[in-house]
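Each protein sequence line maps, in turn, to chains A and B. Taken in order, the first sequence gives residues 1 to 156; the numbers are from my numbering. Taken in order, the second sequence gives residues 1 to 210; the numbers are from my numbering.
The hints are simulated quantities; they were obtained by calculation from the structure and are not laboratory data. Quick caveat: nothing in here was measured; it's all calculated off a predicted structure. Each residue gets a CB set at the ideal place from its N, CA and C atoms; glycine is no exception. Mixed in with the good hints, there may be bad ones.
To be verified - To be clear about the criterion: a stretch of chain B counts as covered by chain A if any three or more of its residues have a C-beta under 8 Å from a C-beta of chain A, and this derived list gives those stretches:
#1 47-53
#2 56-70
Claimed, not checked - Simulated restraints, written as ranges between beta carbons of each label pair:
#3 A/Arg85 / B/Thr164: 23 to 29 Å
#4 B/Gly35 / A/Glu34: 44 to 50 Å
#5 A/Arg33 / B/Pro151: 49 to 55 Å
#6 B/Pro119 / A/Leu31: 48 to 54 Å
#7 B/Arg148 / A/Glu106: 28 to 34 Å
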Amino acid sequence: MSSLPGRIPVAEPRNEAAAIGKSVVIKGQILSREDLFVDGELEGTIELNEHRLTIGPNGKLQANVKAREVVVLGSVHGNIEAADRIDIRKDAQLVGDIKTARIVIEDGAYFKGSIDIIRTEGKAAAAAATPVTRPQQTTLPAGNTPPALNRPPERH
Amino acid sequence: MLRERLSTVSSEPPNNRAKPRNSNGLDQFFAHIKGEEGLSILDMGSASQANIDFITELGHRLSTEDFLRSVDAAFAPGDAFAQQSDIGKVEAFLRQNLDYPAGYFDGVLVWDSLEYIAPSLLAATIDRLYDIVKPSSYLLAFFRAEQRAAPVPAYSFQISGPRTLQLAGAGTRRPVEFFNNRALEKLFHRFEYVKFFLTRDQLREIIVKR
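Chain B extracted, bound-state conformation (with noise of 0.2 Å):
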């Protein structure tokens, strides 16, 4: 059943128009950084002109990593079900992706990416962000508040102020599992705390602390 959910990105144009959001999980996970400099950040996001503005005119050093795209590249073509849960495969991709020393990022801008990933790549993928992000630095990220069988819209996630956000539409995929509180607590299992944040739409944000 998950392999099916994995099975569609979708190549309609997507819907470009961006859409305000208030953010109370990026107002949080500024407010942690707030008053540091030189920071090392990383956006799991595609690359935006926006969050590199906001980022580094904070003074932090930005990485990006457009991780849903490197997953599209490399899980194609054929079944990125199956592949994505080959524990090679999926050991080759994060060593060309997310390689980074242990503890380099003092935050995450995780976005949506880890819904749309087979389970034996996801696991993978949190061990590498517990591994790359230094104690008691945080990940901010976003998950479907209700369980959709048919595709939904996936974002661009754009920053436009410390805590507002722009969702500029990116297509549709589909959720590969839903995930519920206790569900995203047994997930990031290794990090301290999973914080939740009451949403009034589709989008439930939490941020993890290391």
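Chain A extracted, bound-state conformation (with noise of 0.2 Å):
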């Protein structure tokens, strides 16, 4: 079976990424300064703000993310937000906002929740073009993000 190119196999935690086993339940917050794997229970908050997080199969994250790059493989419920990329696979479920400047999902994933792209290029032009005295108007206000998604929504 051939993989996409640039695809990296995420069943199983990268050597150099620091793991969360599947027996383990976690309340809190995680900061971590390297790659993670969980595919444990977490309710909380993950911040990897230069690294990759993954959800494993088992992974149940009752929690807001924010990462470089997040693949979800299991169950998400929260808003998420990724600077590079965020990969939703087949049988992952992701209930809540998201935040990125790119996104991949697989047909079958169950996703609930919205979409805000985050264009860099656009936004440096924006920010060229523009006097420094406008307000500029890339993005729509945080206000715009209905209250019931604004936190970790119920898990059902």
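With the hints in hand, could you dock these two chains into one complex?
In structure tokens:
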């Protein structure tokens, strides 16, 4: 079976990634300076600003997530901000809002929420062309997010 | 009789081969939002890379609901028709789904998601849609053009151009009711108008103006 170029197998944690196993339950805040693979349950927040977060097939997150790249194979209830990209695989379930530069979603994935694409080039060009005194209107105000989706939704 | 109709959602493997289809309804839908950016569009179908790419490339914000899958999950196991006729359960469902502020959306891609739900849930869903879309905005919906007792192919609607769709098979479902033009106008009676498009196949397209 061929694999797509650039795609990294994620069924198992990569050697260099920290891993939270499927029998682990965590409540709280995770800050990481390395890639992280979560195959257990987590309630709280995760921040890996310059790194990749992979939610494994057994992973269940009720958390807001901030990372460079996010790959979802399991279940997430919460908002995700991925500076580079988010990859939602076939059997994944994601309920929450997404803010990212690129998104890849496989057919069969369950996704409920909104998608904001961050256009970095456009922003830079707009900033260069816009006088400093004039407010920039390249993105919607945060207040446009539905209140129900600002918090991690309740589990069904 | 309606109850029997709701009882079947096929677990047969779907025919995933996408069929291209010209869509005048889609053409009109995008014509109404042409030249604008930063609008909020709701897609009630399952999440699709094609739709995400197309709508976000236009500079809009897309929300996805995967409405029928949420219905299937919320009103099971047991008698789905009875559960979808239970006002309490319908209200609870709408508290978890389509939960947006009034006038939030500038357009809704409903696709065929209203054909496979019981009348109580259908009426409540249309009321909710009326509330969450802005005045003068549009809904695009598909309904069967002829009455069928047997299950029909359900589709995943993928946008491949401003007036072209790819219809990928998503198993089979039984439409709960057949809606002729008059019945559709009645269904959307709170909206300003319903516009029908002639079609050569089994799917009738409508644009509904709020």
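Each hint, compared with the structure:
no., hint, verdict
1, 47-53, "holds (count 4)"
2, 56-70, "holds (count 9)"
3, A/Arg85 / B/Thr164: 23 to 29 Å, "27 Å, holds"
4, B/Gly35 / A/Glu34: 44 to 50 Å, "46 Å, holds"
5, A/Arg33 / B/Pro151: 49 to 55 Å, "53 Å, holds"
6, B/Pro119 / A/Leu31: 48 to 54 Å, "51 Å, holds"
7, B/Arg148 / A/Glu106: 28 to 34 Å, "31 Å, holds"
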